[in-house]
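Engineer: Below are the chains, spelled out letter by letter.
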Amino acid sequence: MVTDPLPGLVGFAAALRHAGLAVTTDRVAAFLTALDELDVTSRTATYWAGRLTLCSDPDDLARYDMAFPAWFGPDRSPRGTPVRDQRRPPPSRLASLTSGEDGDESDGPDGPDEPRLRVSASAREVLRHRDLGELSPAEREHLRALLALLRVGLPTRASRRRHPTRRGPADPERTLRAALRNHGELRELRHTGPSRRPRRVALLIDVSGSMAPYADTLVRFAHVLVRRGAGAVEVFTIGTRLTRITRELRHRDPELALAAAGRAIPDWSGGTRLGDVLGAFVERWGRRGVARRAVVVVFSDGWERGEPDELAVQMSRLRRLAHRVIWVNPHAGKEGYAPVQGGIVAVLPYLDQLLAGHSLATLERLVEAMTR
Amino acid sequence: MTGSTTSGRPGSPAELAVRLRATGYLPDDGLATAAFLALRMDRPLFCEGEPGTGKTALAQAMAQVLDAPLIRLQCHEGIDASQALYDWDFPRQLLHLRALEAAAGASAEKLDADVVEASLYDPRFLIARPVLKALQTSPSVLLVDEVDRADDEFEAFLLEVLTEHAVSIPEVGEIRAKTPPLVVLTSNRTRDVHDALKRRCLYLWLDHPDLTREIAILRSRLPGVPERLAGQVAAAVRRMRELELLKPPGVAESLDWARALQLLGADELDVASAAASLGAVLKYREDADRVRAQLDTLLI
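So the protein sequences, as listed, match chains Y and D. 1 is the number of the first residue of the first sequence in my numbering; add one for each residue after it. 1 is the number of the first residue of the second sequence in my numbering; add one for each residue after it.
Chain Y on its own, in the form it takes in the complex (with noise of 0.2 Å):
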């Protein structure tokens, strides 16, 4: 019956690109090549010759071992060591919607949408502190343009690393660097001083009901703090469950990051289970370092269905942490605002601060309190 497997086994890899695998071609020739060493007709083999090959992150394997029986046909012989990822796997309709525009590392047409901007000023100032829930779609796109012109200054941190400066504690390698290119002679003492890097960002943005009006806007202000961020900010949207979305975020072109993002929540308008979920977070990317010495902001309105205290235990072990824990609520910037839903009655000890988060201006207030 087999004759030759090549077409099967770029077929299968094909598969797993629909299934949302960043397979590239010469993934798919390590696969041959690593084939080529093994047993073609041994299913475990081919399993394993894929898996690690083709897979490049602990996400890919739970779509990895999805699509294999889908493909070879289901397995009759126990197999090796299970993932312990033990999340659901993605939905099914991820895998039929992600078609052509996988590809992350290819740079989308830049689209701004100019004769939005030929808006005038006072128009602006109004749309600034406009609430984003109650906005008109030609106000919506116009807040799109706004968005992407929104100066974003991202937080830094101190460094180990050390830079060459003009003053400061003496930099004995470079001296004698110096020093050598003079045949030994010491002319001059160089100098070095400490630098910054960009600070770690975490943004978790509740995407459930209550939280419906805000949060297309909110993905669009994490994308443009993920163009920005150069690799320092990770985008999580919490409803029912976690879904880490920063791998959408990356493309350049803010509408296909949008759609991309959008395929990848399967939870857009659900319920919150903000407990829960957070755990979630900090055991799974938090405490692994995406939360560690970072600044933390949560979009959410605190509509807890779960445990406020069990939101109250991973708040404080976020809180633990991260550098900051900024909680940024939409409703806060209503008139006759008080925090009393029991998940903010329960989370208020562990912030650093609680912000409004309603309007272009008060993001922009945000921007601000990050680098703080």
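Honestly, the hints are just simulated from the structure, not real lab data. Note that beta-carbon positions come from the ideal geometry of N, C-alpha and C, so glycine has one too. It is possible that some hints are incorrect.
Said to hold, decoys possible - Computed footprint of chain D on chain Y, listed as stretches where at least three residues anywhere in the stretch have a Cβ under 8 Å from a Cβ of chain D:
| hint | segment |
| --- | --- |
| 1 | 28 to 34 |
| 2 | 46 to 52 |
| 3 | 289 to 296 |
Mind docking chain D on chain Y? Use the hints.
Structural biologist: Just chain D now, kept in the frame of chain Y:
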């Protein structure tokens, strides 16, 4: 404790698995395949997984299998080429210069500046850091530990060295490995390592071993531990991992625990000995409190 290591490259994943087992490292199918492919395809092996699942131990075991030295590069923030690759020994160069001057002064001979300068960049003044050392030593195993702690610029630099298996030093020329070293990279996922680096590697996700394999690991690493105790420790650790602790214990912790119990003279795991030695497995007060409260159910 090691079996006789027949050096030379293994012919199949199964053969490599047998040889890894002889060193006391117990691989499963995927791991043996990964290590085998890494050797055959001359590709670095990129290992990720929970702490304590044997990423570093894999490199050590591979070094034993290949009968090659293990050269370790521990990454940290701000690591640069002079710490990873090579550096010139400035003080010795300076001394050499002074010695030349003194000798020339005594014999009243005129020194040629070019000759003097060339003599300064002699390989004997070169300090080989881990990567260069791994290229000069064939065969060798290069362990690049916790690559996620280094900066992105360093990744790009590693990429160049790992694909070329060569380094060019301006004053000396190119240094190329006779046989490329086996490179094992480990990451704890504190940040995403760049795709370009991952793409050139084989990606291996290491998981906690299943119960029988963990017992086997305990038995082979600690031959003095009775079988019953090893079984109890492995089972208890397994249950702890299901408790959603702050820091679930890895294999390294169960090894520590079994060793601690052995030193305490315990033949089996009971509530008293477990409570006394809990510090060997659990490293957070909250975890220890939780487990202590339900010790009797954990030690069925």
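Engineer: In ascending order, which of the hints set out earlier in this document are inconsistent with the structure?
Structural biologist: none
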